[in-house]
Amino acid sequence: MTIRRLAQTSVVGLTTHKSRSLLTILGIVIGITAIILIMSLGEGATNLILGQIQSIGAKIIAIVPGRQPKGPTDILATFTDSLKQRDFEALRNRSNVPHATVVMPVVFGSQTASHESETYRPTILGVTDYFAKIYGVYPDEGRLFTPEEVNGYADVVIIGDEVKKELFGNMPALNEKLKIKGKSFRIIGVIGKTGQLSFLNFDQAAFIPYTTAQQYIFGIKYFNRIVVEASSEDHVAETVDDIKATLRNLHDITDPAKDDFFVETQAEAIQTVGTILSVLTLFLASVAAISLVVGGIGIMNIMLVSVTERTQEIGLRKALGATRKNILSQFLLEAVLLTMTGGLIGIALGAGLSFIIALGISQIYQLDWGFSLPLSSVFLGLGVASFIGLLFGIYPARQAALKSPIEALRYE
Amino acid sequence: MAFIEVQSLRKVYASEGVETVALEDISLSIERGEFVAIMGPSGSGKSTLLHILGFLDRYTGGTYLFDGKEMSDYTEDEMAHIRNRKMGFVFQSFNLLSRTSVLENVKLPLLYSAIPESQWGKRALHAIEAVGLTHRIHHHPSQLSGGEKQRAAIARALVNDPQVIFADEPTGNLDSKSGQMVMNTIQDLNAKLGHTIVLITHETYTAESAARIIRLHDGLVASDERVRSQRKAKDHFQK
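Chains as they are written, first to last, in the numbering used here: chain A, 1 to 412; chain B, 413 to 651.
So here's chain B without its partners, still in its complex pose (with noise of 0.2 Å):
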């Protein structure tokens, strides 16, 4: 049994009597540890399938296996706590508390798990450690670079230690150089800590840094091929 397995899923938005699919029919699989990129143009249904996977959305039809359990058996709240524990996200747009340090962004999640008071500030550290921004601990976002903001936010991603972090065009808003160092943070995750990570880009280039590579076309799967020659993100960006 595969970590993720989406069989025949379905996803139709409904609305003032109008109905549009976003997802047609789409079946794959993703087992622990890969690091999966899901490309497509826009409408292709990619923005909505990693929102079903990440257990932000609900769908209209087939299942939904993560970690062998189907997604519609949880409640809200049973899904709230697997997305603090099980799940890491990190958006195009940094999604950032502007009022606090960047210390504080990073134990958000915390504030929601069970883990106890007095370790966030070490788990805090640690992630920030990782992501290579223990220069910035008490900045505000505002005082940070594109590049720095979106690292904050794989920081905060990573504190709860998550089985899989999702990423939405985490370089959308970043200039080349910036997102060659962001990538270059996820592939570390996914290499050197063992992260699942699950990425969604329109961006060839920024989706060749993963091993997988999944296309969506009008909400079915286009196509679904391992990366010959992954891309390192670090030998490019010292190129």
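Next up, chain A with everything else stripped away, as it sits in the complex (with noise of 0.2 Å):
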């Protein structure tokens, strides 16, 4: 018996209960949708955080203070004031670090800014000029801050696309006076409308020097962090062991665990991103196969009720000649059609879901979320699917197979 010919039977059978047949998959496809959708969301999410670490040169390496977190009681010690000036002196220093280009401190926070009667609350970066280097964006208008400017706690300041609007609405910002804290700040730069790069939304930022944003903003005397560019990719590994050589010999560290500081590299922080976001989707995607068992239950259910009602029809296929093996395909090709439609449509309610949720994310947070169908995950959920017709086919397929031919056609 050709496949073809199995599998109109098999459709004849399925076709004749539409809406019981359509009940019975119902679990199977919110097994597949929840599945699809789980992967779905997962590489749209996995590939968003991904971007945004990317998007700061493969060759940037930041050092946080405080410890490494290797648990939830150890983010308290990474607000620690353990990187100071003499710090990022070390680090500038050539024979120290040799491939650092560029070693740039770092302070940042939320503080109130003000023009005339409008206010807004900007995150304030204390930083140098190479923070437009770094991330690859320079003021639209006006310039950066100059080295002296930055030594000479200059009351400069360049803010982004937000923070512009809502002070000044449509009116010119350059050269005009902002005060943050109550000190006064003459806008130097506009940046544009830039978006969130690297975790960090630039509209809503405000850049001033470190030098002016420790001595007159926070009153702190220590970095949040140090940032540093290493001359090429080649040289980050390098780079990473002598920073960690040079403050652990001016921290008079001799124990690597006692590290009152630790150093992020992007490969490692997509490596780390990924690995989580991975245990998460596999997790959650498990969560969602459980329904998949209970709608695997719901086909061998409605399946033995199928065989029982058409205990007739199989005691006639036996008595004109089908076999054990003729009766067993045609049963457990109808279960895994069952599962394969519901899959299909799991996939496809899915995918739609994802597409939506992707779409109103990226539109109402501004966030470059796109929508991924891993094709992966397409596969998964029509194997799945198909497995799951198998497994809980078997049995009510074998009871047909099994049953005698005169039992059968006697069967009223």
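No lab work stands behind these hints, which were simulated from the structure alone.
C-beta atoms are modelled at their ideal positions from N, C-alpha and C, and glycine is treated no differently.
Errors might be hidden in some of the hints.
Covered stretches of chain B, going by a simulated chain A footprint (3 or more residues, C-beta under 8 Å) [unchecked claim]:
no., region
1, 463-469
2, 490-501
3, 506-517
4, 521-528
Join these two chains into a complex; the hints should help.
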């Protein structure tokens, strides 16, 4: 018996009870929808976060104060003041870290800024003019800080697009005054609409020299980050080692486990985020898979009902020459067709929902969240659905195949 | 060696420790091309005998040689193949698949045969023509009269060109007029196409369409005789 004929027979069997077939596969539809949705959204989130990490070059190394968090209680250990001016100067010394082309201290925080009666609360970043080179973002109007302004605690600020619009509307902002925490700054640059880069929304940020930020805005003597750019990607690992050696030497640390700082590279961040997200996606997908087991039991139940209802038909087919294998294949194929239909509907639903969610997120949160449907999830969905059909169809199909023709024919 | 050769056949049903003897000791032989009616009151074992002859059921004792080979030597699958290729079945309650047309119903045995699909249509049409149902080919069973249903079932039994057709009370659910038409068709299969026919019935009148009547009683052969004047179904119908 050809597979096409077999499929035809099975389709007739299934379409006789259309609404029953549809209700039966609902469990499979929901399960596959959930799996596709989770995998698709997981991929979207991964792409978004990796995109953010990669928006600063692979040559960038970030030094963060405190211990590297290894568990929830370690979070507090990151708010320490272990990175100071002398660390910055030591790292800038070519004999310590020969491949560092740029060393930039960073302090940040949130402060109220005002112009006349308008106020806004931007993210204040105390940096040097290198920030523009690191992010590849330059003022559309005006200029960057000069090294003299950075060293001289100058009252100059470069503002993002939203800061400009909230405080000045459509009026020109360049060379206007801006008050941050009561201190007056001169706007020397305005950055056009940029959006989010490396977890920082440029549109809501104001950049000032780190010296000014430490002294007048935050009143601190330490840095929140020190950013180092290696001369090339090949020198990143070596530079990381040099940084660690320099800082340990300076902080009198002999045991690396007692480091009061840690060094982040893009490669590490990508690996960490990738691992976390794939574990999370896998976990959520396995929760969704439980509903598939429930759906599979539903399939088995309805197939058993169907086998009982069609006892006479089975008897007739056997009397006319159907072997056990013929009957087994027919009912098994019915079960697989059912679950595969459920799988296809689930893939379409899951992809559709994921598309709508991706659209919503990118519209509402202004994030670069792209819809992506991993091909592997489509194959996984179809494969799992067919497997469920085979697994839960085998028992009812065996029941059908083992019926004695004469018993089956007599069944009323 | 006869086509169907049964020696001391015995069939005992055991259910919940109680044994019921359906066939006590049956010996008979049927030659190719014969038209045999098996008669008997209910409980005489005639249905059981037909099911065993048709490879639908197994027996408890004795021997049954079909076409020279002992039935108990066959596996389940081999029995299915023989049912498919050498036997045709007609049942009292027609057993047509209600969801498909007459044509599809007639094609059903071909689904399990080795005959290439390209020939299915031709064979099915031929069988439907032989029972005179060409005008009902695309009708569903529910649109047919009882007699037409049974003739569709006969066409299905014919489609694989079997050596023997087993009919289990083929007129049992029909009025006498339709019954006569069905018997007429069965007689034609025997007389014109040369099929061996084994038919069970409890109506003497239907049995007299056959050339030979075997009567069973309590699982034993009570009598086995030739019909002196085989009734022509057509003649009766025309009366």
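The hints, checked one at a time:
Coverage of the region 463-469 of chain B by chain A holds. Counting CB-CB distances below 8 Å, 4 residues qualify, and the rule asks for three or more. Remark: the region 490-501 of chain B is confirmed as covered by chain A, as 6 of its residues place a Cβ nearer than 8 Å to a Cβ of that chain, reaching the required three. Counting residues of the region 506-517 of chain B whose C-beta sits closer than 8 Å to any C-beta of chain A gives 4, which meets the bar of three, so the coverage hint holds. By the rule of at least three residues with a Cβ nearer than 8 Å to a Cβ of chain A, the coverage given for the region 521-528 of chain B holds, with 4 such residues.
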